[in-house]
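*Asks:* Each chain, written out:
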Amino acid sequence: MQKTIEEIQEMQPVVMKRLQGAYEKERLAHAYLFEGPAGAGKKEITHFFVKLLLCETPVENVPCETCRSCQLYNSGNHPSIVFIEPDGQNIKIDQIRELILTMNKTGLNTGRKIYVIQEADRMNNSSANALLKFLEEPEMNVTAILLTDRLNAIMTTIRSRCQLVSFQPLSRSKLMEKLTTGGMTLSMSATVSMLTQSAEEAIELSSDEHFAQARKLVLKMVEVAGTNVHEALLLVQSEWLPFFKEKEDVERGLDMLLFAYRDIATVKAGLETVCTYPDMEEIWKQMALQRSFSVLSKQLQAVLQAKQQLQRNMNRTLLMEQLMLNLQEG
Amino acid sequence: MKFEIMRERLVEGLNDVMKAVSSKTTIPILTGIKMDVSAEGMRLTGSDSDITIQTFIPAEEDGKQIIRVIEGGSIVLQAKVFGEIIRKLPTNEVEIEITGNFQTHIRSGKSEFHLIGLDAMDYPQLPDIQDDRLFTIPADLLKTIIRETVFAVSSSETRPVLTGVHWEVKDGELVCVATDSHRLARRKTKLETLPEGEYSVVIPGKSLTELNKILDDNSEAVEIVMTNQQVLFKSKHILFFSRLLEGNYPDTSRLIPSEHKTTVTVNGRSLLQAIDRASLLAREERNNVVRFSATSGSDVEVSSNSPEVGKVEEQLQAQSIEGEELKISFSAKFMMDALKAIDGQDVVIQFTGAMRPFILKSALDDSILQLILPVRTY
Numbered sequence: 000m001q002k003t004i005e006e007i008q009e010m011q012p013v014v015m016k017r018l019q020g021a022y023e024k025e026r027l028a029h030a031y032l033f034e035g036p037a038g039a040g041k042k043e044i045t046h047f048f049v050k051l052l053l054c055e056t057p058v059e060n061v062p063c064e065t066c067r068s069c070q071l072y073n074s075g076n077h078p079s080i081v082f083i084e085p086d087g088q089n090i091k092i093d094q095i096r097e098l099i100l101t102m103n104k105t106g107l108n109t110g111r112k113i114y115v116i117q118e119a120d121r122m123n124n125s126s127a128n129a130l131l132k133f134l135e136e137p138e139m140n141v142t143a144i145l146l147t148d149r150l151n152a153i154m155t156t157i158r159s160r161c162q163l164v165s166f167q168p169l170s171r172s173k174l175m176e177k178l179t180t181g182g183m184t185l186s187m188s189a190t191v192s193m194l195t196q197s198a199e200e201a202i203e204l205s206s207d208e209h210f211a212q213a214r215k216l217v218l219k220m221v222e223v224a225g226t227n228v229h230e231a232l233l234l235v236q237s238e239w240l241p242f243f244k245e246k247e248d249v250e251r252g253l254d255m256l257l258f259a260y261r262d263i264a265t266v267k268a269g270l271e272t273v274c275t276y277p278d279m280e281e282i283w284k285q286m287a288l289q290r291s292f293s294v295l296s297k298q299l300q301a302v303l304q305a306k307q308q309l310q311r312n313m314n315r316t317l318l319m320e321q322l323m324l325n326l327q328e329g
Numbered sequence: 000m001k002f003e004i005m006r007e008r009l010v011e012g013l014n015d016v017m018k019a020v021s022s023k024t025t026i027p028i029l030t031g032i033k034m035d036v037s038a039e040g041m042r043l044t045g046s047d048s049d050i051t052i053q054t055f056i057p058a059e060e061d062g063k064q065i066i067r068v069i070e071g072g073s074i075v076l077q078a079k080v081f082g083e084i085i086r087k088l089p090t091n092e093v094e095i096e097i098t099g100n101f102q103t104h105i106r107s108g109k110s111e112f113h114l115i116g117l118d119a120m121d122y123p124q125l126p127d128i129q130d131d132r133l134f135t136i137p138a139d140l141l142k143t144i145i146r147e148t149v150f151a152v153s154s155s156e157t158r159p160v161l162t163g164v165h166w167e168v169k170d171g172e173l174v175c176v177a178t179d180s181h182r183l184a185r186r187k188t189k190l191e192t193l194p195e196g197e198y199s200v201v202i203p204g205k206s207l208t209e210l211n212k213i214l215d216d217n218s219e220a221v222e223i224v225m226t227n228q229q230v231l232f233k234s235k236h237i238l239f240f241s242r243l244l245e246g247n248y249p250d251t252s253r254l255i256p257s258e259h260k261t262t263v264t265v266n267g268r269s270l271l272q273a274i275d276r277a278s279l280l281a282r283e284e285r286n287n288v289v290r291f292s293a294t295s296g297s298d299v300e301v302s303s304n305s306p307e308v309g310k311v312e313e314q315l316q317a318q319s320i321e322g323e324e325l326k327i328s329f330s331a332k333f334m335m336d337a338l339k340a341i342d343g344q345d346v347v348i349q350f351t352g353a354m355r356p357f358i359l360k361s362a363l364d365d366s367i368l369q370l371i372l373p374v375r376t377y
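Order-wise, the sequence lines are chains A and B. All residue numbers for the first sequence refer to numbering that gives the first Met the number 0, where the first residue is 0 and numbers rise by one. All residue numbers for the second sequence refer to numbering that gives the first Met the number 0, where the first residue is 0 and numbers rise by one.
None of these hints come from the bench; they were simulated from the model. Keep in mind that this is a model prediction, so the values were computed, not measured. Even glycine gets a Cβ: it sits at the ideal position worked out from N, Cα and C. The reader is advised that the hints may include incorrect statements.
Unchecked claim - The calculated lysine to aspartate or glutamate pairs, modelled on EDC-like cross-linking and capped at a C-alpha distance of 16 Å, are: (1) Lys205(B) - Glu245(A); (2) Lys215(A) - Asp120(A); (3) Lys132(A) - Glu156(B); (4) Lys23(B) - Glu97(A); (5) Lys215(A) - Glu238(A).
Stated by the list, open to error - If you only want the chain A side, here are some residues facing chain B, beta carbon under 7 Å, derived: (6) Asn73; (7) Ser74; (8) Pro78; (9) Ile92; (10) Gln94; (11) Leu100; (12) Asn103; (13) Lys104; (14) Thr105; (15) Gly110; (16) Arg111.
What the hints assert, rightly or not - Label-pair distances were calculated between CB atoms; the ranges are: (17) Asn100(B) - Leu233(A): 53 to 61 Å; (18) Gln316(B) - Asn128(A): 22 to 30 Å; (19) Pro36(A) - Gly196(B): 54 to 62 Å; (20) Ser252(B) - Asn128(A): 31 to 39 Å; (21) Gln124(B) - Asp207(A): 43 to 51 Å; (22) Asp86(A) - Arg146(B): 33 to 41 Å.
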């Protein structure tokens, strides 16, 4: 779904102002690093910015959408722009080499050339190092845009060569407000707004049957894990494992589990923020009474550790069983 | 748009432009071929964004009608599918009609194909070519120039500008230089038609290799136009565009030594064969290095020693040896490439010591020069 300029403007007013200002004063950097959480509008702003840079007749720092350049871009056929995204797990060195070779050739059209590296944190060391030299000494009229969700995973040497543009996370209450006015229940909007920043994705999630079941299962898990370890292990075998099959599913499941424990901690601390699962608040209160902060902190740690081990491709069954046992302790 | 065309001619044209179309392009529209039809004829364009090949099929040739244009227009069609279809059509007359929404109907005999086309507006525009930087070279000479230089371009992307051949027009000469910083090939060509001023471009080695495949080996003139963005080679019916490499090409003139201490003149072909034989053993070692010595009398010695494999020595009769005695080691591959480029004539090799680069020239003319850096072995 294409967002209008106004929508982007509303999402990231600071970033938009900065980029348009730089364009107007012709003080563009040779490389930008767009950093911010998923759904904060990095892609939308990239599309906008690239189109603006290539547009032949921009009006008030907004691409005209009618010139040949804009039309070529919209149909995905603009020859002066190269998009790089991870090929499998990583951005491979061959992709970077090819990029450098194409960027070193004169364009089919005159004017600026642009390359966009999506998920730049997924460049491995050799790719990042191959890019470094080129990033540092670009030929005339080449602009780089790197996108990332995880700024800390970017090599410092890359970071120091780019102008950093930070995207502010959208405020959760705003997103929730938007979702509930769209007819979503309060509890559902609270949950999905923790998982994503983008309204579209949130709506998609909330209407997904699988997700609703996942939510139920996670809540059941939290209740059981607190009381009976045998039952918890049984639940892992009978329901959790058959339900969460793909790695991304498991990751999301663990995230949701983590938010549940976070809720308990919030309730115990008496904070005013909206819980991830507001419908469970009464149960959380009870659970909060039974646990000390140090136990809660250990339980949070356990879930985080499980998340890490998932990234290292640990056996899923063992991973979940270990997590259940860890959640018992304390 | 609507027209009828002789199938043979269309197949010929498609074969030419298909050479430029690559299946692995990042720009979706470049998987297609662009057709522009006007009253004069049809222009076909294929491109992989590095090179672009354009061919023109005239509506009439030698009094025969090739294309009957009913209505002009432009369309982009999927190259692979379109090419296959045209090749396999049953009769020699093909009718192509485009109706609304880029729907393409191809009719021949009793078969009718229906293809979905793309908007020709989305196809990249080729630069306007001004004729002021134009000069001509016969096709066979152009092929020779490419063959003699392009092998020396760098294959590593650490210095992208070295993956191209530097073409410089200066003082009525075209000077082509390629180097990978271990060796250098230079070819000078006197031009008959002189463009005004001096200018230079760096043409990617790959593009030149492609061009070499497309050009016919005859003495027909090829027009060459250099612009800031692209270089254009124009033969009778085919236009070949290539993108250029950006960046400054290093100044290579200072690399070529002007004085020398030892000069050896030897038959190129027999030296090539001797080096080839010596490299049989040298190849086993990781760097393929052979030793060359001119110490006594009128013979030179080519040898190679790989302790684990064995060794080879070969005496070779030289036409003349002048200057100091010399022992030098170099890469057999570089030497063989250079000798192949000079192609069988007598070769003059000028050394300036065992640690300095040396140059190879043809004994007959000065137009071609090869420079090789020696390898330090002891």
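*Asks:* Of the hints stated earlier, which fail here?
*Replies:* Violated hints: 1, 2, 6, 9, 10, 15, 16 and 18; rest satisfied.
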